[in-house]
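> Chain by chain, the residues run as shown.
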Amino acid sequence: MSCWETLLDYGLRSIGIGERLLPREDFTICQQVVLIGSGMIWNVYFGLVAMLSGFFLATAVALGKTARNPLARKSSEWFIFIFRGSPLFIQFFFAYFAFLSLKSVSPVFDPFTSAWLGAAIVLFLNTAAYSGEIFYGALQSIPKGDMEAADAYGFSGWTRFRKITWPTMLRLAWPAYTNESIFLFHATTLVYFSGFPAWQQRGDALYYASYFADKTFNPFVPYPILAGYFILVTLILISVFGLINRHLNRHLPQNTRSRLKMRMPLIR
Amino acid sequence: MFDFCTDPDTLSDLAWMACYLTTGKHMAIYWSVLTVLLLLAITAPAALAFGFAGASAARSSFLPLQLLGRGYVAVVRGVPDIAFFLFFVIALDQFFEWIRHEVKCPDWDQPIRQGNDFVVCEAAKLPLGNSAQWVHETYGFFLAVLTFAIVFGAFAANVLYGAMRAVPRAQMETAEAYGMSQRQCFWRILVPQMWVFALPGLSNLWMVLIKATPLLFLLGVEDIVYWARELGGAKTARFTDYPHGDWRMWYFLALLVFYLAFTRVSELVLDRIMTRLTKGQATTAGEAQRKAA
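Residue numbers (our numbering), protein chains in the order written: chain G, 6 to 273; chain P, 22 to 314.
Please note that the accuracy of each hint is not assured.
Calculated cross-link-like contacts (lysine-lysine; reagent style DSS-like; alpha-carbon spacing at most 27 Å) [claimed, not checked]: (1) G:K79 <-> G:K108; (2) G:K149 <-> G:K79; (3) G:K149 <-> P:K312; (4) G:K108 <-> P:K256; (5) P:K46 <-> P:K312.
Source of the hints: derived by calculation from the structure; they are not laboratory data.
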């Protein structure tokens, strides 16, 4: 079987298109690369969904934490504390079993027990809490002069937020937010190891990598392939976020722009 | 556990709960909490040692050593850590067995990798096939600790490397001017001063380490996640005196609360240590403390 046929058979295996049976013996490098790459579809899906939706909740949470209203402030603080203070792994398990018990209450909750919705919700809340804290820190460090200038120009309410506060917050938070997004993509690998079942063996990249490692007793091929894919995703993320960073900083003189600094990816 | 637990069917709710939570199996989950604490107690210093070695190697003037140190720090970057956890446990296990195989069975003529199998001679198996159950469990735990130490060692190395570079250059130059050797400069000037700069990073790392302990479950250790899944599953009256429905959700809620409490307490303690350490330091925080006093 040529590599091209393998690509046709397994290229979209993780979303249920193509050959049904996973390879069982005589594993080729090509099969491993294709199948693990096919699993990356899920990692990218979870990462993008959580990042794009989490961004808005994060802004809301950050604003809530700075609010004068004690109800908004306390609830934002607790939200951030709960999702940042506990392991994501346990959050996944808890959410899965919580959805499982809700399933018996009403069939509405059926889709929540499958990974594509349930795990995406957990990741969404989790990244909202982490980025909310980052945005809160940025809101705190907006220069006083900027706000005074906005007042002097007669900005107030929504216009002031939209034109002054929000862009400045994003600009200050962007380097940290880039790192947070990278961690988020790395965290997507936990999904299929934490209760959420891989229905019909449709899993993410790590699911297939550990499948091959289990079958071949040889971790030295599948995991480096997985690592390669993730390094690729990380590089793409960094370049996209770098472009946005340049856009956010375009009004500043060249030498005072905040550069993107890479931090170590850490587990949460 | 309690005397009144002889016939669970007749008990009131509260007493039933007290009996239920003290069955032999529940004792196992309480022990596994201790396993987690033990893991933290061993891993934290081990990772610090790995990190210190890595950071020292990375700033060595001997090129191969420097490349090794930098490579160790850099290799963790860009790759999900959970992949490292899965990778290292198999890789280390096979590495140890291979070494023992080379030493103990020099006249073995078959290849080690036969197709999809990893084959070493009987005497090289780790742990030996006929050893007791606790040896297997301890070996698994040992592999887990080593994996944690290697992965977190890389993070710690990064933090310590940054801290070493944060020590003011003038300090080192002064030491050299006094005629101290490279070794003396390093141990007497650099190392004592770097901890203040390293502490914020290290305390962050400690929090991350706490939150990484549930990954023990993936390494095949019977930890709290394993027991929560075991004990929480629905039990019928045929197999146990304490039948109940699917309570896994509540068990994981308990774990969630446990971890929240643990991270909160660590946060408070680390804040205190930081306050203590910054006292009298020539940093912004130290200056603020002096003014407040």
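> Decide, hint by hint, whether the structure agrees.
Do the hints match the structure? See the list:
1. G:K79 <-> G:K108: violated, 31 Å
2. G:K149 <-> G:K79: Since the Cα atoms of K149 (chain G) and K79 (chain G) sit roughly 25 Å apart, the hinted pair holds (cutoff 27 Å).
3. G:K149 <-> P:K312: holds, 24 Å
4. G:K108 <-> P:K256: At roughly 19 Å apart (the allowed maximum being 27 Å), K256 (chain P) and K108 (chain G) satisfy the hint.
5. P:K46 <-> P:K312: Distance of about 56 Å is beyond 27 Å: violated.
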